[in-house]
Amino acid sequence: MEIEFLGAIEGVTGSMTLLSVPEGKLLIDCGMFQGEEENIKKNISPLHFNSKDIDAIILTHAHLDHSGFIPRLIKEGFRGSIYSTKPTMKLAQIIMLDSAKLIGHENNPLHSMYDLEDAVKASSFFKIKKYNEAFEVLGLQIELIPAGHILGAASVVIKGKKTIVFSGDLGRFDDPIIKEPSFCPEADMVVIESTYGGKNRSGDIEQELGRFLKLVKEGARVGIIASFAVARGQLLIAMISEYFTKYPEEKIRVVIDSPMMVSANKVYREFADSTRMPLVLNNALSEIEVIDNEREWVSLQKIDGPLVIISSSGMVSGGRIWRHLENWQRDSNAILFLPGYQGAGTAGRLLAEGKRIIFSEEGVKIHWHGEVMTSDAFSSHADQEELLYWLKDLKKETAIYLNHGEEKSKEILMKLLKEKKYTNVYIAGNEKVKLY
Numbered sequence: 001m002e003i004e005f006l007g008a009i010e011g012v013t014g015s016m017t018l019l020s021v022p023e024g025k026l027l028i029d030c031g032m033f034q035g036e037e038e039n040i041k042k043n044i045s046p047l048h049f050n051s052k053d054i055d056a057i058i059l060t061h062a063h064l065d066h067s068g069f070i071p072r073l074i075k076e077g078f079r080g081s082i083y084s085t086k087p088t089m090k091l092a093q094i095i096m097l098d099s100a101k102l103i104g105h106e107n108n109p110l111h112s113m114y115d116l117e118d119a120v121k122a123s124s125f126f127k128i129k130k131y132n133e134a135f136e137v138l139g140l141q142i143e144l145i146p147a148g149h150i151l152g153a154a155s156v157v158i159k160g161k162k163t164i165v166f167s168g169d170l171g172r173f174d175d176p177i178i179k180e181p182s183f184c185p186e187a188d189m190v191v192i193e194s195t196y197g198g199k200n201r202s203g204d205i206e207q208e209l210g211r212f213l214k215l216v217k218e219g220a221r222v223g224i225i226a227s228f229a230v231a232r233g234q235l236l237i238a239m240i241s242e243y244f245t246k247y248p249e250e251k252i253r254v255v256i257d258s259p260m261m262v263s264a265n266k267v268y269r270e271f272a273d274s275t276r277m278p279l280v281l282n283n284a285l286s287e288i289e290v291i292d293n294e295r296e297w298v299s300l301q302k303i304d305g306p307l308v309i310i311s312s313s314g315m316v317s318g319g320r321i322w323r324h325l326e327n328w329q330r331d332s333n334a335i336l337f338l339p340g341y342q343g344a345g346t347a348g349r350l351l352a353e354g355k356r357i358i359f360s361e362e363g364v365k366i367h368w369h370g371e372v373m374t375s376d377a378f379s380s381h382a383d384q385e386e387l388l389y390w391l392k393d394l395k396k397e398t399a400i401y402l403n404h405g406e407e408k409s410k411e412i413l414m415k416l417l418k419e420k421k422y423t424n425v426y427i428a429g430n431e432k433v434k435l436y
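For the sequence shown, our numbering assigns the number 1 to the initial residue and increments by one for each residue that follows.
It should be emphasised that the hints constitute simulated quantities derived from the structure, not laboratory data. Please read all numbers here as calculations on a predicted model, not as lab measurements.
With a straight-line Cα cutoff of 20 Å, these simulated EDC-like cross-link-like pairs (lysine to aspartate or glutamate) come out:
no., residue 1, residue 2
1, K86, E133
2, K127, E143
3, K127, E270
4, K246, D204
5, K199, E406
6, K42, E361
7, K420, E397
8, K432, D188
9, K396, E419
10, K101, D292
11, K161, E23
12, K75, E106
13, K365, E37
14, K179, E270
15, K418, E397
16, K396, D188
17, K162, E2
18, K179, E242
19, K420, E385
20, K355, E36
21, K217, E371
22, K179, E385
23, K42, E76
24, K75, D115
25, K217, E249
26, K395, E419
Label-pair restraints from in silico Cβ distances:
no., residue 1, residue 2, range
27, T245, E23, 52 to 60 Å
28, I303, K121, 40 to 48 Å
29, E186, N108, 39 to 47 Å
30, Q141, V120, 27 to 35 Å
31, K101, K127, 23 to 31 Å
32, N293, A134, 42 to 50 Å
33, H111, E294, 22 to 30 Å
34, K415, N108, 39 to 47 Å
35, G24, I303, 53 to 61 Å
36, Q207, A344, 21 to 29 Å
37, P109, A344, 14 to 22 Å
Glycine residues also receive a C-beta, built at the ideal position from the N, C-alpha and C atoms.
Sequences and hints are given; from them, build the entire structure.
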């Protein structure tokens, strides 16, 4: 078996790993690159393989940086199978269709990458697997085990002559909604994400959310939350609902403005019973106010606070949040809340670092005069301590490859692993790795 890392080796996007065995080729994830312009251009660069030669894709979870490249492979001739859990399939369909609509505009640099038809076709290639259900692909025994992170997310265990485990994106062990990950099983090689490999999460979700909501209410302010449409949006809606139940005197108007978030809400409601808080989640997602037409948007523009608007994208890299930033940019009383990781090169990262002038992909200039709040507490990724905890059952001689993290995070995590006497720790790179 030969492994080639094709994405998420210089950052946290574009997750894609190629596995080659005598029987054929398969991909673990097939994600788009996001962030800086140089990174985005990688999406239309020549591939390292012929899409027609890929026999299968194992999809760990639905996020765009893991699934968004699938329609391009279909456009270029991929006709294999895509294996995932059922929630991952449903959420990935939403994300791929949204991506196709966004890049469909002629002025988008990714316009030629794929179209809506390619994204629609993707649904016919999925084969649904349950957690811990063994299945065979190219003579390999494969299992998807719970990874936490978001609804349906999985780590991938592949057994041939030797065993390799791909963590996918790992969730936190105390996530309010998603149940904890299964620990990494014994393996000869493990590929682990390292988004938070360089630090432990700080802050408390309820406290930081409460602080934001109090500021909005007490100052009669407009609070805009930049949220990922999938997972983060549902967490925020559920936690805000819980907060208002606990402190009814603090209740204020909350709306969401994101068609993709509305679609994802339906999937989360469908699978609410598999979460930690099924009743709260189901009720909160069914009751949240939605801005779903132009008249409501025009009306919203003229409203004073207190008001909370949840809109995507989570890294301010596109989506409807831009119209809210544009509308309230001159309001020094407004608050922009960035509850989560902001990728290098994104407008969200610039704002978090103190910049106040940002540009959209279409060249729209925003000069934000209001307050900016940031928080690590809401991240759905395992932090440094949890990544180490996930590996606790591994033998010290297991080969460990770190990917899906910024360089500093990977270096810090590698140093820690070596201090814990793991003897074969590497940062994933462009080289091919032979397992057997």
